[in-house]
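Colleague: Reminder that position 192 of the sequence shown reads as 192 in full-length UniProt numbering, one-by-one numbering, no gaps.
None of these hints come from the bench; they were simulated from the model.
It is possible that part of the hints are untrue.
Claimed, not checked - The following label-pair restraints were derived from C-beta to C-beta distances:
no. : residue 1 : residue 2 : range
1   : LYS35     : LEU112    : 29 to 35 Å
2   : LEU98     : GLN134    : 30 to 36 Å
3   : ARG57     : TYR33     : 21 to 27 Å
All values reported here derive from a predicted model rather than from experimental measurement.
Quick reminder that beta carbons are idealized off the backbone N, C-alpha and C, glycines included.
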Amino acid sequence: MLSGYKLKCHPVTIATAATIFHRFFREVDPSGYDKYLIAATALYLAGKARDENHKLRDVINVTHNTLHRGSPPLELKEEYWNRRDAIVQAELLIMRLLKFEITLNNPHKYLLHYLKTLQGWLPRDVWENIPLAQSSFAFLQDFHHSSTVLDYPPHIAAIGCIHLAMQCYGVQVPYIDETEDLMWYNVSFILYLFHSV
Numbered sequence: 001m002l003s004g005y006k007l008k009c010h011p012v013t014i015a016t017a018a019t020i021f022h023r024f025f026r027e028v029d030p031s032g033y034d035k036y037l038i039a040a041t042a043l044y045l046a047g048k049a050r051d052e053n054h055k056l057r058d059v060i061n062v063t064h065n066t067l068h069r070g071s072p073p074l075e076l077k078e079e080y081w082n083r084r085d086a087i088v089q090a091e092l093l094i095m096r097l098l099k100f101e102i103t104l105n106n107p108h109k110y111l112l113h114y115l116k117t118l119q120g121w122l123p124r125d126v127w128e129n130i131p132l133a134q135s136s137f138a139f140l141q142d143f144h145h146s147s148t149v150l151d152y153p154p155h156i157a158a159i160g161c162i163h164l165a166m167q168c169y170g171v172q173v174p175y176i177d178e179t180e181d182l183m184w185y186n187v188s189f190i191l192y193l194f195h196s197v
């Protein structure tokens with residue numbers, strides 16, 4: 001994810017890369033593959049899938065610098081060409097293994113929709129003074145560090161992040177006490193989701 005931030009990728013692109021990475025390692029024996037190579041390739045593929053094409057050279061140099069802090073960009077010599085060839089081959093492998101399905105239904109759009117709805121429910125001072133949106137978004141990005149993100153539908157992950165942010169700040173949706181018999185989300189399922197991370 002750090003390489004994605006260094007490349008100034010959109011957060012959804014970074015989340016897509018993480019999801020591609022986790023999906024790949026769900027399909028294979030992890031000991032047989034270089035996780036750094038797969039991560040670099042997933043980042044490159046996610047950029048392509050989201051029309052945020054980064055030059056392969058930039059991906060190579062940023063991921064190299066992330067692994068070897070302070071190192072200069074690779075010169076166009078054998079090491080660079082070996083990495084480039086490895087990423088191109090890994091790209092083909094990942095695409096075949098994932099059956100060319102790398103565009104995903106990310107939870108970010110659900111998060112945005114739910115937060116906009118929540119904004120209308122909460123008092124204005126609560127919404128303006130408590131960083132629920134920022135915290136929910138940060139939790140969602142952090143959730144992509146774990147392969148558990150693959151186990152839940154995107155809308156559940158989004159609502160779980162909002163629920164966690166609300167718990168952290170002690171915010172409660174108005175009128176929830178009046179509708180206790182109407183479960184608008186399954187609390188135990190959401191709590192399980194975050195305890196598993």
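Colleague: Against each hint, give a clear statement of whether it holds in the structure.
Modeller: Evaluation of the provided hints:
Checked against the given bound of 29 to 35 Å, the beta carbons of LYS35 and LEU112, roughly 31 Å apart, stay inside it. One distance hint, 30 to 36 Å for the beta-carbon pair LEU98 and GLN134, holds here, with the actual separation near 32 Å. Distance hint check for ARG57 and TYR33: the Cβ-Cβ separation is about 23 Å, which falls inside the suggested range of 21 to 27 Å.
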